[in-house]
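Kindly produce the complete structure, drawing on both the sequences and the hints.
Residue numbers (the numbering used here), protein chains in the order written: chain W, 1 to 396; chain Z, 1 to 297; chain X, 1 to 85.
No lab work stands behind these hints: they were computed from the structure.
None of these values were measured; they are calculated from a predicted model.
Treat the hints loosely; a few may be bogus.
List of simulated lysine-lysine pairs, BS3-like, C-alpha gap at most 25 Å [to be verified]:
(1) 266/Z / 36/X
(2) 36/X / 188/Z
(3) 263/Z / 253/Z
(4) 165/Z / 85/Z
(5) 294/Z / 253/Z
(6) 196/Z / 245/Z
(7) 236/W / 338/W
(8) 188/Z / 25/X
(9) 25/X / 192/Z
Chain by chain, the residues:
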Amino acid sequence: MHTTEVLEGSQAVALAVKACRPQVVSAYPISPQTHIVEALAGMIANGEMDSQYVRVESEFSAASVVSGASAAGSRSYTASSSQGLLLMTEVLYASAGMRLPFVMTGVNRAISAPITIQVDHQDTVSLRDAGLIQFYVESSQEAYDTHIAAFKIAEDPSIMLPVLVCMDGWILTHSYERISMIGQEEVDGFLPPFRPANFLDVNDPKTWGSYAEEDVLMEFRYAIHLAMQRGKRRIKEIFSELAGITGRDHGGLIEAYRTEDAEVILVAMGSVVGTIKESIDKLRSQGRRVGLIKIRCYRPFPFEDILGSIAGAKVVAVLDANFSMGSEGALGMDLKAKVCGRPGAPLVIDFVAGLGGREVNEERILEIVEKAEEMERFGLPLDESYWVGLDPDRVP
Amino acid sequence: MKTGKQSSEEELFVSGHRACHGCGMAVTVRHVLKATGSDVIVVTPTGCLETFTSPYGYSPWRVPWIHHVFENGPSIASGVAAALKAQGRDHVRVLVIGGDGATFDIGFGALSGMLERGDDVLYICVDNGAYMNTGGQRSGASPMFSSTTTDPAGTRSLGKIERKKDLPGIIAAHGVPYVATASPAYSKDLEKKVKKAMQYHGPRYIQIDTPCPTVWGFPSDRTLEVGRFGVTSGLVPLFEMEDGKITSVRKVKNKIPVEEYLKAQKRFKHLFDSEKGRDAVRKIQALADENVEKFGL
Amino acid sequence: MRISVGAVVPGGTSREYKTGSWRDKRPVIDEDLCRKCGICESVCPDSAVHEKDELYEIDYDYCKGCGLCAYECPADAIQMVREEK
Chain W
1 MHTTEVLEGS QAVALAVKAC RPQVVSAYPI SPQTHIVEAL AGMIANGEMD SQYVRVESEF
61 SAASVVSGAS AAGSRSYTAS SSQGLLLMTE VLYASAGMRL PFVMTGVNRA ISAPITIQVD
121 HQDTVSLRDA GLIQFYVESS QEAYDTHIAA FKIAEDPSIM LPVLVCMDGW ILTHSYERIS
181 MIGQEEVDGF LPPFRPANFL DVNDPKTWGS YAEEDVLMEF RYAIHLAMQR GKRRIKEIFS
241 ELAGITGRDH GGLIEAYRTE DAEVILVAMG SVVGTIKESI DKLRSQGRRV GLIKIRCYRP
301 FPFEDILGSI AGAKVVAVLD ANFSMGSEGA LGMDLKAKVC GRPGAPLVID FVAGLGGREV
361 NEERILEIVE KAEEMERFGL PLDESYWVGL DPDRVP
Chain Z
1 MKTGKQSSEE ELFVSGHRAC HGCGMAVTVR HVLKATGSDV IVVTPTGCLE TFTSPYGYSP
61 WRVPWIHHVF ENGPSIASGV AAALKAQGRD HVRVLVIGGD GATFDIGFGA LSGMLERGDD
121 VLYICVDNGA YMNTGGQRSG ASPMFSSTTT DPAGTRSLGK IERKKDLPGI IAAHGVPYVA
181 TASPAYSKDL EKKVKKAMQY HGPRYIQIDT PCPTVWGFPS DRTLEVGRFG VTSGLVPLFE
241 MEDGKITSVR KVKNKIPVEE YLKAQKRFKH LFDSEKGRDA VRKIQALADE NVEKFGL
Chain X
1 MRISVGAVVP GGTSREYKTG SWRDKRPVID EDLCRKCGIC ESVCPDSAVH EKDELYEIDY
61 DYCKGCGLCA YECPADAIQM VREEK
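This is the structure:
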């Protein structure tokens with residue numbers, strides 16, 4: 001039974017989470033995540049949702065509560081942004097290492113200092129090494145659908161990792177969209193109760209969190225990577241299964257938008273994708289061969305799918321709303337690592353776009369396309385990432 | 001005379017763990033689990049207890065046990081407790097058994113949160129007064145004038161000059177149902193307190209003084225004797241608080257001067273070769289006398 | 001041997017490591033002096049003293065020779081004897 005409502009993005013996420021019946025929810029407030037966790041609290045207070053809600057004293061504890069709950073065999077959920085996500089970092093590495101599944105929303109917000117509530121992807125991208133699966137959504141509708149898939153993906157016996165669903169703060173969480181939702185029975189049919197093989201059980205006592213020496217540590221690390229690599233196929237299967245129920249197919253690990261004969265291909269993730277698609281349509285109508293690869297799944301990095309879609313292009317322009325100080329944007333580095341040295345590989349240029357919330361509008365997208373074409377004619381890679389919209393004269 | 005006997009099949013903390021000879025924590029954990037029985041999930045933050053009980057593949061814990069990270073013993077426990085509640089597993093209880101480093105210092109915020117929320121967790125602090133796992137660095141629980149590796153005695157220093165953080169008092173101020181102190185040197189008292197704590201629901205705390213032969217500096221067979229000296233000197237008062245009021249105190253019939261306790265341990269030996277040191281001993285005696293007065297020992 | 005998922009292992013497996021090799025002295029119980037009070041079993045940090053047929057015996061596979069049982073025995077029934085290697 002599908003329903004459609006105009007909802008705030010945060011509300012859509014809360015309803016998706018509610019439908020997945022988490023037994024434990026825990027959160028610490030931080031803008032722009034608050035509306036999600038407030039909506040969940042409200043539904044519990046009104047008896048619309050049957051979860052234990054643990055109001056913690058820090059994000060470190062929020063991540064810990066869901067980790068402990070997961071180890072005890074309960075489906076769990078948390079959400080955070082920016083500073084809060086960084087504070088969770090140690091806990092998330094440990095939980096990934098212990099293969100404790102749960103779902104988190106990363107409501108993207110730039111990181112202090114200077115402190116800000118502007119939006120970029122530095123917070124969730126900073127966690128890319130930890131062993132969490134990471135999805136980035138373009139719209140609140142996609143956020144709704146992706147959260148439901150996320151629980152099934154996290155808890156899949158071949159995966160068993162935390163899943164982070166990233167959505168741009170304010171732009172998605174605090175704006176209104178028409179959201180189409182599926183019925184509870186459909187979610188229940190798609191997502192059975194969480195029944196992990198290992199859980200804290202007095203009838204079968206086991207030990208979590210052992211310390212390991214160099215004779216096994218590398219294998220434990222590899223095990224996470226392997227779960228992610230193998231998980232690529234399972235993630236696509238689960239997205240596909242859900243698409244069959246919702247009638248909406250957002251794509252697999254990537255969405256290739258008008259890339260078939262593109263000479264210039266942009267690569268991006270998050271809500272900026274919506275603006276890019278419109279720009280591409282406009283440029284296409286002017287005869288320019290431009291396309292976009294929307295990264296839906298950032299970790300595991302879907303390089304096989306990307307390579308397949310950029311095969312004919314001359315230049316790839318990666319948009320990074322994050323930056324690794326002293327080096328380049330993360331998505332750019334991830335892509336270059338896989339493209340470099342392959343025969344017929346296109347030139348890959350990293351653009352820092354949207355960092356600190358600087359608007360990525362149609363004009364700036366055009367600037368990116370033209371810069372990419374210019375560099376392609378020149379034939380050499382840039383020494384530095386190209387910071388779109390930067391005013392360097394203001395920097396002492 | 002018979003004490004609480006237990007067959008080896010019932011032992012929940014089995015042999016083969018890597019604790020030092022004569023480890024006070026190991027003795028303590030055996031008594032704790034004897035008192036709780038097997039329907040418990042134990043959370044241990046990083047520390048000696050975690051390290052000596054979890055080399056990969058060799059665990060002495062015959063109860064479900066989880067070590068996550070250093071700061072989050074209390075919040076992992078809160079998560080486990082919430083899960084048990086959601087699953088209707090009422091007969092299973094949650095314990096944290098953690099050291100003073102995790103409890104007094106790095107996990108203090110998480111502990112306070114757990115207490116404030118009223119989560120149903122029994123928190124047991126195995127307190128040896130320093131970061132022992134890493135070699136004996138100073139913690140908020142280190143006793144006054146003890147020498148630790150990061151606050152050592154020297155020509156210009158008598159070791160830690162600050163008092164030991166009054167964690168039982170701080171915890172009681174959160175309004176929790178049960179707070180107690182105990183010692184493995186008085187194991188029947190310890191087990192009785194654990195059993196009593198298990199009768200309550202909500203957050204409960206028991207701080208157990210666990211002497212450490214390796215770093216406090218005494219022979220491995222004197223662990224319980226040093227524990228006794230701590231109690232009979234008045235420096236380690238054994239009491240219970242229920243709903244914020246002291247409801248029982250273990251009186252000390254034959255009090256000993258603090259010197260007997262201090263002289264038994266290398267970590268205080270610097271107090272006995274100078275006038276400043278002797279002055280410090282007087283200050284420590286004053287602390288003991290304060291306890292005698294306050295608790296009616 | 002394959003590693004376990006998430007390094008989760010069964011409990012009680014520490015018994016596969018015999019800490020008896022840590023000893024340089026071993027406790028010996030004099031059965032005639034023993035009052036069968038059980039204090040030795042109670043104080044052992046390594047769960048290496050077990051009641052058997054009303055008496056107490058040391059599990060030398062695990063006993064580390066710390067001496068607590070000998071020191072705490074109210075009957076002086078336990079002596080620490082140099083370990084012969």
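Against the structure, the hints come out as follows:
| no. | hint | result |
| --- | --- | --- |
| 1 | 266/Z / 36/X | violated (35 Å) |
| 2 | 36/X / 188/Z | holds (17 Å) |
| 3 | 263/Z / 253/Z | holds (21 Å) |
| 4 | 165/Z / 85/Z | violated (33 Å) |
| 5 | 294/Z / 253/Z | holds (16 Å) |
| 6 | 196/Z / 245/Z | holds (16 Å) |
| 7 | 236/W / 338/W | holds (21 Å) |
| 8 | 188/Z / 25/X | violated (28 Å) |
| 9 | 25/X / 192/Z | violated (33 Å) |
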